Amino acid sequence: YLLFAMGQKAEGNCGRCPETTRVLESIPGMTTAFFSILAPGKHIPPDRGIFKGFVRCHLGLLVPERRADCYMRVADVNLHWEPGKCMVFDDTYDHEVHNDTDERRVVLLIDVVRPIRYPARLLTRGLMWMGNWTAYIKDARRNESRVRARPTFTKRRWRSASVVPTGDPLRVAGAASPGSDKC
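When you number the sequence shown by our numbering, it's gap-free, plus one each residue, and the end is 289.
Since the hints were derived computationally from the structure, they do not count as laboratory data. It is possible that some hints are incorrect.
Stated by the list, open to error - Distance condition first, Cα-Cα at most 16 Å in a straight line; then the derived EDC-like pairs of lysine to aspartate or glutamate: (1) K158 x D197; (2) K115 x E125; (3) K148 x D206; (4) K148 x D208; (5) K148 x E125; (6) K158 x D200; (7) K148 x D196; (8) K158 x D175; (9) K158 x D196; (10) K148 x E202.
All values reported here derive from a predicted model rather than from experimental measurement.
Could you put the whole structure together from the sequences, leaning on the hints where they help?
In structure tokens form, the structure reads like this:
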């Protein structure tokens, strides 16, 4: 469920999740955000991000009871989601996801621009701008437009949290958050 892609707001989806959108817009350097839902028994094969300009955050929202059976491997470390807590990592490391439970896993996935110095910062901005014209982003915009044309979905209630990159690609950081009664 896409909210932001490379800095571009998915207006329809963000309109259905005003509290989450408000929090996301307050995160310095936030570029991409979406709800990632992994069905029971599913596996996302190993992958490596191709761009070191971001750090990735997973905020655990709905986490299966059997946490040991629902995990993300980043490099040689298995990480387990916790509700209301963030895992911040560098997605250019080899990583994969397993949900070997009978419950679905839901996280809010957030990409944040990696804090870097000039002139690398300019290169990052240029690559982000070019990224807006890739098939991946164009398809996401097209899909969001189709969803906007559908009847309104029932709102789910999520807790919002503020996210700050820790600088350590594998560090699990707590995300203090006041509860929110809106998505």
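Against the structure, the hints come out as follows:
Pair hint K158 plus D197 holds up; C-alpha atoms about 8 Å apart against a cutoff of 16 Å. A distance of roughly 14 Å separates the Cα atoms of K115 and E125; the hinted pair therefore holds under the 16 Å criterion. Simply put, K148 and D206 have alpha-carbon atoms about 7 Å apart, close enough for the 16 Å limit, and the pair holds. A hinted pair counts as satisfied when its Cα atoms are at most 16 Å apart, and K148 with D208 qualifies at roughly 10 Å.
A distance of roughly 29 Å separates the Cα atoms of K148 and E125; the hinted pair therefore is violated under the 16 Å criterion. Under the criterion of a C-alpha separation no larger than 16 Å, the hint pairing K158 with D200 is consistent with the structure, at around 13 Å. About 22 Å separates the Cα atoms of K148 and D196, which puts this hinted pair outside 16 Å; it is violated. At roughly 29 Å between alpha-carbon atoms, K158 and D175 are farther apart than 16 Å, so this suggested pair is violated.
Taking the CA atoms of K158 and D196, the gap is about 8 Å. The hint holds against a cut of 16 Å. With a C-alpha separation of about 11 Å, the suggested pair K148 and E202 falls inside the 16 Å cut-off, and the hint holds.
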